[in-house]
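Peer 1: One line per chain: the protein sequences are A and B, in this order. Anchor point for the first sequence: position 4 equals 807 in the numbering used here, and the numbering is continuous, going up by one each time. Anchor point for the second sequence: position 272 equals 1203 in the numbering used here, and the numbering is continuous, going up by one each time.
Honestly, the hints are just simulated from the structure, not real lab data. Keep in mind the model is a prediction, meaning the values are calculated, not measured. The beta carbon of each residue, even a glycine, is placed where N, CA and C say it ideally should be. Among the hints, a few may not be true.
What the hints assert, rightly or not - Facing chain B, according to a computed beta carbon distance under 7 Å, are these residues of chain A, among others:
1. 895
2. 899
3. 907
4. 911
5. 1066
6. 1072
7. 1073
8. 1075
9. 1080
10. 1081
Unchecked claim - Part of the chain B face toward chain A, derived, beta carbon under 8 Å:
11. 1056
12. 1057
13. 1120
14. 1122
15. 1125
16. 1224
Now for the letters of each chain:
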Amino acid sequence: MISNLSVAILNGVVWGLIMALIALGLNMIFGLLHIINMAHGILYMLGAVVAWYLIEWTGNFWLSLVIAPIIVGGIGMAIERGLLRTIEDKPLITIICTFGIMMAAQHLVFMTFGGTPRRIPIPITYRFPLFNLEYPLMRIVIAAISVGVMIGLWFFLNRTKYGLWMRAVVQDREMAIGLGIPVNKVYMWTFVLGSGLAAFSGVLAAPIVYVDFMMGREILIMAFIIVIVGGMGNLEGSVIAAIIISLIQGIGSLFVPPAVATVFSLAFMVIVLLFRPQGLFGE
Amino acid sequence: MLVYEKKSMFFIPVFALVFLTMIALPFFVDLFYQTFLTEVLVWVLFAISFDLIFGYTGLLSFGQALFFGLGAYAFSISIVKFGIGPGTAFLLSLLIPMLFSWFVGFFSVKLTGIHFVIITLIFALMGSTIGETWTGLTGGADGMTIPLSTVSIGPLSLNLMDIKTVYYLVLVVVTLAYLFLRRMVQSPLGKIFISIRENEDRARLIGYNVQHYKLLAFIIAGGLSGLAGGLYGITLKYASANFLHWGISGHAVVYTIVGGMGTLLGPVLGTAIIMSLEHYLVNYMQGTDLVIGLVLVFMVLTAPKGLVGLFQRKGK
C-alpha cells in the first residue's frame, strides 16, 4: 500500500507540473487578452504530434522539446494575428472562434496523423527502486524540466522588460497604452508564449501518455478546472491548483473509479465557481 | 433592433408555402432523404431552442447537449426500462430536461459572461461522464436501441417504424415549436429577453428580475432541446451517451452562428445549409469537422450576424 501510494503521489506531482504548464498558458492568454481559448488543448496536442514527427525524423526527443514549441508558437502567432486580433474585445465571439479552430485543427490532424494512438520511444529508460516497486527516472526528469521552465517564466515576468510590460497591460490597459507600451505586440507575444507552453507540456506528456489526435479534449477541461480553481489571471494559483488537483485525482483513483473522481472534481468546480468565482487562491 | 419588432407582412404566405413544400417533399424523395429531412428538422429544433438563450437572451450555453441527451434518454429509458408507452415517454422527453434545466439554470444564471459558459460546460461534462460510466442505465457509448411500434393519439394511429409517419410527426412538433418561439420572442416576454441581452444592468434598473427571466429562458430552451432529443430517439430508434457529449452543443453553436443569431429564421437556414454541406462532403472526406470549423471561423470573422444578417444589411 505504501509503495502504491508513493507511486500515486509521485505520478500526481509529475502530472500536476505538466498540467500547470498547460494551465499557465491558458491563464496568461485569459488574463491578458480575456480570451477563453477553446483551442488551447489543440496546441497541447499539436506539441505532442509535432514532437512525434520530429522524433520519427531525427530520433532525438530533446531536440523536439525545443523545436516543437517554437513551431506551435508560430502557429499560435498565425492564429492571433490572422484570426483573433480583430475580435479580441468580444469574449463570447472569441470563444466561438476558437471553438471553430479546435474543430478544424483536430480534424486536420486526424486526416494527416491518423486515428491510431502512437507511442514515442522514451529517451531515458532507467527505473530506480522505490520501496518494493520501480519508478521511471524519465518522469522525475520531466518534473524537473517543468519546474525549470516555471522558474524561467517567473524571472521573465518579474525581471525583464517584456514581462513587466505584460503585467502592466493586465493591470491597466489604458495606462499602458498611454505609457507607450506596444499593447498589440504584447498581446501577440503573450499568445505565442501561451501556445508554446501548451506545446511544451504536450512534448513532456508524450513519454507518459499515447500521442493521439483526441488528446487535447480532456486536457482542455482539466486546464479549465485548474484555471478556475486557482483563480483566473492568478498564475501562482494555477500552479498550486494543478498540483493539488492532480494529487487528488492520482490518489483518489487508488480508491474510486476515475469517472467518479472526475465527477467529484467537476462538482467541486461548480461550488468554487458559485462561491468563489475569483478562485480559491484569488484575492 | 427594429428588425425584431417588425412583424413581417411576408411571414404568413412564405411560411405557408414552406410548410406545404415540406408536406409534399417525402413524396418526391427516396427513403434515405426522408430520413435526412427528418434529422434536419430535429436539429432545427435544437438550434432554435439554443438561439432563444444565446441569440435572444445573450447567454452562451455550452451545456445544451445535456438536455438534448436527457431528452433522448428520458424517452428511451422510459420505454426500455419502465415499459411506458411512447406517447407518455415523449412527454417525459420534454418534462425531464425542463426539470434538469431548472436545476442547472438555478446555479448557472447567477454567473455572467465567461463564467456562465464554463459552468454550463461543466454540467454537460458531468452529464456525459455519468452517462458513459453508468452503462447499466444508459448503455454507455454503445447506447441502447428503442423498440417502437404503433402508437395511438386519440383517434390517430401512428406507426413509428414508418419513416414517413415519423417525418410528419417531427414536422408537426418542430413547426409548433417554431411558432411558439416566434410568438414568444415577439411578445413582451421576448422583449425582456432582448433587453437583458442588450444591457443587463439597464434591464435590472428598469425593474425586471433579470435572473428570473434568464432562468425562464434557460428552462424553455432546455425543454425544447430535450424535445429535440426525444424526436431524435424516435427517428433513430437509438440513444447513446454520445448524445450527451458537449460537442453536440457545438452543433447548435455552428448552425446558429452561420445562419444568424437572434433571429429564428437564422438557425433554421444554418441547420439546413450546414447539414446539406456535411451530407455532400461526406462523399469526399472522412468527417466534416475541418470544413465546418473553417466555415464557423470564417462566419465569425466576416459576418458575425450570420447569413440572415447579411441579407438584412443588403435590404436596407
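Peer 1: Under the constraints set out in the numbered hints, which ones does this structure not fulfil?
Peer 2: Checked against the structure, the hints that fail are numbers 8, 10, 13, 14 and 15, while the rest are satisfied.
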